[in-house]
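Visitor: Sequence:
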Amino acid sequence: MLNLLLDQPLKKYQRVINEINNEYNKISKYSDKDLKEQKNKLKLKINQKRTNLNLILSEAFATTKVAIFRATGMVLFDEQLLAGIILHKRNIAEMKTGEGKTLSALLPAYLHGLSGKGVHIITVNDYLAERDSILAKKIFAYLGLTIGIITQNTEHYARKKEYEYDITYITNSELGFDYLKDNMAVNNNDLVQRGLHYAIIDEVDSILIDEARTPLIISGETSIKSNLYERSKDISSILKKTIHYEVDEKSRSITLTEEGVTLCEETLQIKNLYDVNIPWIKYIINSLKAKELFLKNKDYIIKNNQIVIVDEFTGRIMEGRRWSDGLHQSIEAKENVKIEAENQTLASITYQNLFLLYSKLCGMTGTAKTEEYEFSSIYKMSVIEVPTHKKCIRKDLPDLVYRSEYYKWEAIANECFDMHQIGRPTLIGTTSIEKSELLAKMLKEIGVPYNLLNAKPENISKEAEIIAQAGKKYSITISTNMAGRGTDIILGGNPKQITKLAIKNYLRRKKDNQTIYNNPTEEIENILNIEEIKILKDCYKDTGINNDSTDKFIENITNKDNYNNLYNTYCQLLEKYKIRCKQERNDIINLGGLYVIGTERHESRRIDNQLRGRAGRQGDRGKSRFFLSLQDNLFRIFGGNSIENIMEKLNISETTPIESVILSQSLNSAQKKVEGYFYDIRKKLFEYDEVINNQRKAIYKERKKILNLSFTRDCVIEYGEYTISEMLKEYYKNNKNETILKQIIQLLNITDNFDSNQIKKMRFDEVKNFLCEQFRISYDLKENYLEQLRPGLIRQLEKYYILQQIDKAWQEHINKMNILKEYIGWRSYGQQDPLIEYKNEGFHLFINMITYIRQTVIYLVMRSRLIIEIS
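Take the sequence shown: its position 507, counting from 1, is numbered 507 in this note's numbering, and each next residue is one higher.
Take these hints with a grain of salt, some might be off.
Said to hold, decoys possible - Derived pair list, reagent style EDC-like, types lysine to aspartate or glutamate, alpha-carbon separation capped at 16 Å: (1) K623 with D807; (2) K161 with D190; (3) K673 with E687; (4) K839 with E690; (5) K742 with E726; (6) K137 with E555; (7) K240 with D190; (8) K684 with E837; (9) K672 with E690; (10) K799 with E812; (11) K799 with D714; (12) K504 with E463; (13) K799 with E783; (14) K390 with E372; (15) K289 with E335; (16) K496 with E575; (17) K456 with D714; (18) K473 with D418; (19) K768 with D807.
Hints listed in this document are in silico derivations from the structure and should not be mistaken for laboratory results.
Remember, it's a predicted structure, so these values are computed and weren't measured experimentally.
Build the full structure now, drawing on both the sequences and the hints.
Guide: As structure tokens, then:
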């Protein structure tokens with residue numbers, strides 16, 4: 001029973017949890033066939049009760065709980081049921097590391113999957129999507145629901161099918177790009193998504209908070225201007241910090257001083273660097289950003305002679321992602337790699353507005369409470385803490401702060417040495433590849449073996465192996481950020497992963513005819529008989545030696561339906577490792593559990609909490625401590641002078657750290673300031689994008705309407721009549737200017753001659769009716785002409801011209817809005833609210849765009865001259 005549920009506000013859910021468990025006791029007696037039949041039974045109840053899912057929640061959750069037990073052998077805790085209810089109620093469930101978020105999400109996924117509208121489970125990377133979908137397929141095979149998966153490797157033609165499944169696992173970026181691509185499609189058959197109904201977001205804080213600073217952008221290539229980037233790089237190299245430019249690390253921006261502007265103008269031999277017709281300022285600022293703010297092996301790595309971005313929150317590389325507005329090209333110039341073509345924005349959307357398109361949205365994470373206000377104000381979701389199944393007994397020790405960064409790293413290395421000597425597993429979290437490699441070198445010098453997990457490809461390929469063994473005795477693991485890794489560190493090691501790795505290593509060594517004398521190989525040979533070895537080697541021959549095929553083969557071995565003999569062997573080996581891991585676990589608990597070391601405070605307390613949360617899972621013992629220095633970014637950028645002054649006054653040596661609760665509180669205060677600062681950035685981005693979002697909805701709605709229309713004539717007629725009305729208003733506003741009248745006649749391709757003096761005598765509504773009638777006659781003639789050339793041609797032309805002009809005008813509009821956003825901030829100096837000014841000017845730009853689309857479509861349709869060649 002859930003003792004903590006006696007407290008408000010969770011007490012109200014206790015009755016529902018009791019109902020689920022009562023239903024579970026009944027349904028657990030069902031046969032597999034009856035369990036699968038639950039789907040049709042519950043669907044019938046939904047239809048009878050007008051889709052009120054609350055009425056079948058207990059039975060649906062209980063059914064899923066039974067399926068989870070049959071597929072995995074695990075019985076869900078009451079806390080996991082509570083998390084499922086919270087997710088169903090459109091809220092965020094905060095569950096600590098190791099509490100079983102992945103399984104909790106399946107409860108509301110099944111419930112909403114019964115509606116047939118589709119459920120999206122959104123993850124932060126392909127690895128988690130693939131891992132979780134494999135587990136879901138095993139479980140939902142008992143329930144009769146289908147599981148789809150979309151990663152960056154999923155081909156476009158296959159995506160539609162994956163979206164049609166009851167539940168689809170997908171990454172946040174792929175979901176966003178598919179949405180934008182669907183709204184650029186020129187044919188109904190190219191659409192892949194079927195609507196955004198219900199989404200469960202894993203690591204919700206990472207996606208909706210951390211990633212929300214950067215909008216999703218689909219870009220098209222423009223001409224390469226490599227000479228501008230190269231020249232800007234040369235200029236940035238002669239500019240000196242503080243003399244020619246100032247760096248604001250808080251806002252990650254660069255400002256040229258007067259001396260800097262003068263030097264640039266003299267070097268480029270131009271009069272005004274800020275002249276709108278001179279492009280240099282953008283390129284120079286980007287070159288300076290590349291020089292000062294974007295560091296190799298921290299913000300990016302060089303892979304296959306290309307610049308690849310490193311995610312600052314997860315430490316993973318982001319294949320295929322590029323910085324916009326020419327910044328990526330400036331970094332390419334800095335690193336002397338090939339400069340790719342510059343990008344032009346074709347479509348964009350922020351994550352805030354993308355996820356607000358869902359009818360129902362919820363999420364789960366281990367750390368969301370610190371951002372509770374933002375989730376509530378922007379996404380209308382409450383953050384509810386789910387009690388841990390076992391009490392957390394991890395000790396979070398006060399931070400140790402050193403004056404010098406050198407002595408901080410020396411202290412960390414010595415701490416690792418001490419932990420290795422006693423055999424206590426230790427996880428060290430670093431903020432960059434560079435820092436992780438620095439510590440690795442130090443440990444190598446003092447003879448401490450370690451595993452290194454960072455964004456470099458050679459380390460990423462060993463991620464599963466490293467995480468699986470991070471909880472073993474004597475294990476020292478260095479990692480760049482643990483957020484989004486998706487795998488728990490199990491004390492004593494993960495027996496399933498270790499078994500798979502042992503088989504993989506055995507197969508590879510045997511394939512390469514290597515003689516290996518380590519324990520895993522000997523154990524496997526002791527368990528396997530001659531016939532099984534032959535089966536193992538023969539089956540493996542066809543898979544090749546790449547990681548993907550090896551992993552797939554080993555996954556098949558773990559399934560008794562595929563290779564029965566090998567499955568028995570796998571089970572024998574697994575039992576051996578379970579016994580060994582259990583013994584090791586007891587030893588490690590006696591040593592105090594996993595020891596987590598933080599090497600720097602992050603911008604957000606959430607990231608620090610994620611690192612701490614790796615220790616003390618499921619009631620385990622554990623300890624965490626941060627080693628800091630006054631040269632760390634948080635101190636340096638957000639004020640460490642006062643602390644340094646205190647250290648000087650107290651005459652504290654560089655080798656002696658300060659340990660103080662007051663100091664830790666001041667650090668938390670600094671982090672709150674940083675969080676508040678970045679919240680303001682995200683809020684501003686959201687408010688500005690909200691302006692263009694309303695416009696985006698209108699344009700995409702119109703576009704969708706055209707795409708689904710088989711008869712577009714009425715739409716063109718409507719465009720024509722709007723155009724006539726708008727141009728006539730201008731005609732009367734300009735005292736019946738005859739030039740405007742001629743423009744109307746020319747635009748509508750009206751060929752009949754008529755006396756313009758007669759028009760001048762007519763009232764507005766008479767002129768409008770007359771011109772509309774002439775337009776219809778002219779259009780009928782055009783339609784007859786094109787129908788004679790080829791039947792149905794006019795309809796194809798109408799749709800093509802409308803969609804083409806909508807897309808072209810929208811792309812130009814996005815660029816105009818981006819330029820407007822860049823300079824609108826200066827309006828504040830004139831006592832004007834930049835956001836209100838942006839809304840007003842954005843509205844006028846949007847109206848002009850709509851007018852342009854209508855006029856251009858009419859011009860193209862009415863004045864097109866087509867000749868069909870007959871072969």
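Visitor: Checked against the structure, which of the hints given earlier come out wrong?
Guide: 1, 3, 7, 9, 10, 14, 17, 19
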